[in-house]
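Student: Sequence:
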Amino acid sequence: MINWPAIPVDLSKTVIDELPYGILVSDAIRTANGRIVNFRHRLFNQRAKQELPALANWFEGATMWELFKEDARAGLFDTYKTVYESGIRVRGVYRSPTTGKWYQSLIEPTADGVIAIGIALPEAQQTIALIDNKQDDGLLLVQRIRQHQLPLQVSRFESAKDFLHSLVEGHINPVLVLVELRLPGNAGLSTVSQLQAHWQQKNKSRLPAVVWSTDPSFSEQKACYQAGAVLVLNKVNYLVDSLLELVL
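Mapping to UniProt numbering: the sequence shown position 26 is 26, numbers consecutive.
Calculated directly from the structure, the hints in this document are not laboratory data.
Calculated pairs, SDA-like style, for lysine to any residue (alpha carbon to alpha carbon, straight line, at most 20 Å):
#, residue 1, residue 2
1, LYS101, GLN147
2, LYS235, GLN147
3, LYS134, SER190
4, LYS235, GLU158
5, LYS101, LEU55
6, LYS101, GLU70
7, LYS222, SER193
8, LYS161, ARG182
9, LYS13, THR110
10, LYS81, ASN38
11, LYS235, ARG146
12, LYS69, TRP102
13, LYS235, ASP215
14, LYS235, LEU140
15, LYS235, PRO208
16, LYS81, GLU70
17, LYS81, ILE29
18, LYS134, LYS161
19, LYS161, HIS171
20, LYS222, GLN196
21, LYS81, LEU106
22, LYS13, ILE23
23, LYS69, VAL37
24, LYS49, LEU19
25, LYS235, SER217
Based on the sequences and whatever the hints tell you, model everything.
Tutor: Here you go:
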């Protein structure tokens, strides 16, 4: 699991007022016929107003198209509009064209307006290590990561030997390892076992190992879980979303 800062579950005014980072609340600006064309911002939480007066003044009365034009063009305006009109919250991860940073975000409809919480994520991308001798299969994972616009990158190794060498030498520090079960010489299963032994020796929590292959049999799946895999995926079904849930 990536250690990202948590957005609070309780979004009552009492909790929000004590948050140390700025929380925006935005009101819709409409045309004479009622069409939403912009949003006007202000800081919502009292702690931020007291500790960050310059930020409070900067936001006070400013509009989205003034402050975040590139973000608005990239879809932020449409997201706010959808939340405002539908009353449905939107949670996700996005990259801001204005700052160039990745953010964990929550846009929530309230009686006070649309509340937006955005917490900057670590600068460095998190890495998924892929051990697979079939290059095309790994492209699906990369495509799905791009579709979700996630701050993840994939480092591919054609052999378990190359990966384990990089891991032991400290050249890679992945948040998850994805292993092809049917690597030559039954290397897929042995890699999962070696991973667990490596982390036990280091007295660290185990590195999540996910095995994927084409139509793995019941006995193969059982062997993978016994070796320490946290998930076994069928390539035919392309259950990549299940994989990404492990790191989000």
